Structures are given as structure tokens and as C-alpha cells.
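Asks: So the chains spell out like this:
Protein chains: 2
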Amino acid sequence: MAFMIAQRAFIKVYLITMVEQHRGYGYQMLEDLRRDFKALGYAPPQSEIYRALHELVQQGILYRTKQLKGNDPKVDFQEIVLYHFTSDGEEKAKLYKKQVKTDLDRCLGMLNKAVSDNF
Amino acid sequence: MAFMIAQRAFIKVYLITMVEQHRGYGYQMLEDLRRDFKALGYAPPQSEIYRALHELVQQGILYRTKQLKGNDPKVDFQEIVLYHFTSDGEEKAKLYKKQVKTDLDRCLGMLNKAVSDNF
Chain Y
89 MAFMIAQRAF IKVYLITMVE QHRGYGYQML EDLRRDFKAL GYAPPQSEIY RALHELVQQG
149 ILYRTKQLKG NDPKVDFQEI VLYHFTSDGE EKAKLYKKQV KTDLDRCLGM LNKAVSDNF
Chain B
89 MAFMIAQRAF IKVYLITMVE QHRGYGYQML EDLRRDFKAL GYAPPQSEIY RALHELVQQG
149 ILYRTKQLKG NDPKVDFQEI VLYHFTSDGE EKAKLYKKQV KTDLDRCLGM LNKAVSDNF
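Which chain is which? The protein sequence lines are Y and B, in order.
Take any residue in the first sequence, note its place counting from 1, add 88, and you have its number in my numbering.
Take any residue in the second sequence, note its place counting from 1, add 88, and you have its number in my numbering.
Certain hints may be false.
All copies of an identical chain are treated as equivalent in the list; a pair is satisfied when it fits inside any one copy or across any two copies.
Using 16 Å as the maximum straight-line C-alpha spacing, the simulated EDC-like pairs for lysine to aspartate or glutamate come out as follows [stated by the list, open to error]: (1) Lys180 with Glu143; (2) Lys157 with Glu167; (3) Lys189 with Glu143; (4) Lys185 with Asp205; (5) Lys154 with Asp124; (6) Lys186 with Asp205; (7) Lys201 with Asp120; (8) Lys189 with Asp205; (9) Lys182 with Asp205; (10) Lys201 with Asp124; (11) Lys154 with Glu178; (12) Lys182 with Glu108; (13) Lys185 with Glu108; (14) Lys185 with Asp124; (15) Lys157 with Asp176; (16) Lys186 with Glu108; (17) Lys154 with Glu167.
Derived from the structure by calculation, the hints contain no laboratory data.
Because the structure is a prediction, the values reported are computed rather than measured.
Isolated chain Y, as found in the complex (with noise of 0.2 Å):
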């Protein structure tokens, strides 16, 4: 048992929810959780994000497809990577959070520990 949640399940979490939420776009993904943590201190940095992305992919909870980013082909050749749950994949990914959230609430009661034994 590791000290402290391993920061790629951490994220894994998120870029799951995220698909859930149909908001799926690969680099979006990216910037919402830097947005959102940003007030708390935290960087999450992108290769640890990509590296997320990869493993639930090879897991067969996820899988990627392309998209053009304009209308018109000639004006804007950007692709998109979006995610999306493979057939079972949502399923897998319910069991995977409700493990990470053990994870989680047994930090939790670590670091409330740590707190009321040592302040």
C-alpha cells in the first residue's frame, strides 16, 4: 500500500468523469483540470495526463477518435482527439473509480488524522 493516492489514478478519475460527461476532448481535458486546480496549487503536468489518457486506452476503457476542427477542411486541418467508452468500457470504469475512491477516503482519514493528532 503506497502512502499517498498515486497521482495518475488521481487523474484517471477525472479524464473518466469527464467522458461521462461527454466532455471528451483530448487537449480540453487537459486544460480543465489545469483550470480547475489551479486555485489549490497544483499543476497536474501533461505527460502525466497523456500517460492516463494511454492506460485507459490499453485497459479497453477507452477509445480514440479524430476530428477536424473547423467545417471546411481547406481553412483548418486541426485535428481533435476525442474519448469515448468502449462497449464495456463504462462499466470497467465504475469498478475502477469505486477502487480509487477507497483510495481516496482512506487518505482522507489520514490526513484528518495527521490533523487533529498533531494541531
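Knowing the structure of chain Y, use the given hints to seat chain B on it.
Replies: What follows is chain B alone, placed relative to chain Y:
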């Protein structure tokens, strides 16, 4: 800024509190920490605890003394290592704890946010 609080800092705060409470017995601190966290599924590694004590000595916060365990040295030669605050150690320790408290609060904020955002 690291993702979560470092194990070393977490342990150092507990060791400082134990010395504040006049419970600065080397081996007993290790035993107490292990007992207190057993229910939470965390076993502070012995090596981490000894490195944390070493750092607190290096930082000029604590110093060590030794005493024999039994009253009769002919019967029991086992030495006990005791930790005490240096003359300005308690003040330095308070400052250190204050820094760690800030980080504990930051981590609690992140974990509570993750629970409310994803569950």
C-alpha cells in the same frame, strides 16, 4: 509543488508531536506510529522513520541521548535512544509544523474536491 504531501514530512510532524509530549523514545515512537495507523492500512516504514529522526537532528531541532533500559547494567545492557528539543528546537519545530499544516490543508482540499467532483 508535489502532488501530495511527502511521507517524510508527514512522519516528521508526528515525531515532533511525540517529543512535545515527552514521548521521545526512539523505538517506542516507531511502535506507536505503526499501531496508530494499522487500522488505516498504512505501515510507516522503519527506514523512513529513522531518516526523519536523522533529518530533525540535522536541522538542529532534536538531539539524542542514550540510557540503559534496565536499572542494573549487569542484567540488561540494552540502550534506549531518547530525543529532546535543542534550545531553539521547539520554536523551529513549531515553524516546521506550520508549513506542513498548510500542505496538509492543501491536500485535504484536493482530495475533498476529487470526491465531490467525481462521486
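Asks: Up to 16 Å between alpha-carbons, please classify Lys186 paired with Glu108: within, between, both or neither.
Replies: Within. Shortest intra-copy distance 15 Å satisfies the 16 Å Cα cut-off; inter-copy 39 Å does not.
Asks: Taking 16 Å as the upper bound on the Cα-Cα distance, should Lys189 and Asp205 be classified as within, between, both, or neither?
Replies: between (24 Å within a copy, 12 Å between copies)
Asks: Within a copy, between copies, both or neither: where do Lys157 and Asp176 come within 16 Å Cα-Cα?
Replies: Neither: 28 Å inside a chain and 62 Å across chains, both beyond 16 Å.
Asks: Classify it for me, Lys201 with Asp124: is the Cα-Cα distance of at most 16 Å met within a copy, between copies, both or neither?
Replies: Close across copies (10 Å), not inside one copy (26 Å); limit 16 Å.
Asks: Have a look at Lys185 and Asp124 and pick one of within, between, both or neither, based on CA distance no larger than 16 Å.
Replies: Answer is neither; intra-copy 20 Å and inter-copy 28 Å both fail.
Asks: Treating 16 Å as the Cα threshold, decide for Lys154 and Glu167: within, between, both or neither.
Replies: Result: close within a single copy only, 6 Å intra versus 68 Å inter.
Asks: Between the shortest in-copy and the shortest cross-copy C-alpha distance, which are at most 16 Å for Lys154 and Glu178: within, between, both, or neither?
Replies: Classified as neither; 20 Å inside a copy, 59 Å across copies.
Asks: Are the CA atoms of Lys157 and Glu167 at most 16 Å apart within a copy, between copies, both, or neither?
Replies: within (6 Å within a copy, 72 Å between copies)
Asks: Using 16 Å as the alpha-carbon threshold, which applies to Lys182 and Asp205: within, between, both, or neither?
Replies: Between copies only: 14 Å across chains, 34 Å inside a chain, cut-off 16 Å.
Asks: Between the shortest in-copy and the shortest cross-copy C-alpha distance, which are at most 16 Å for Lys186 and Asp205: within, between, both, or neither?
Replies: between (28 Å within a copy, 14 Å between copies)
Asks: My question is about Lys189 and Glu143: at a cut-off of 16 Å on alpha-carbon distance, are they close within one copy, between copies, both, or neither?
Replies: neither (18 Å within a copy, 34 Å between copies)
Asks: When Cα atoms must be at most 16 Å apart, do Lys182 and Glu108 count as within-copy, between-copy, both, or neither?
Replies: Intra 10 Å, inter 45 Å, cutoff 16 Å: intra-copy only.
Hint check: violations occur at hints 3, 5, 11, 14 and 15; the rest are consistent with the structure.
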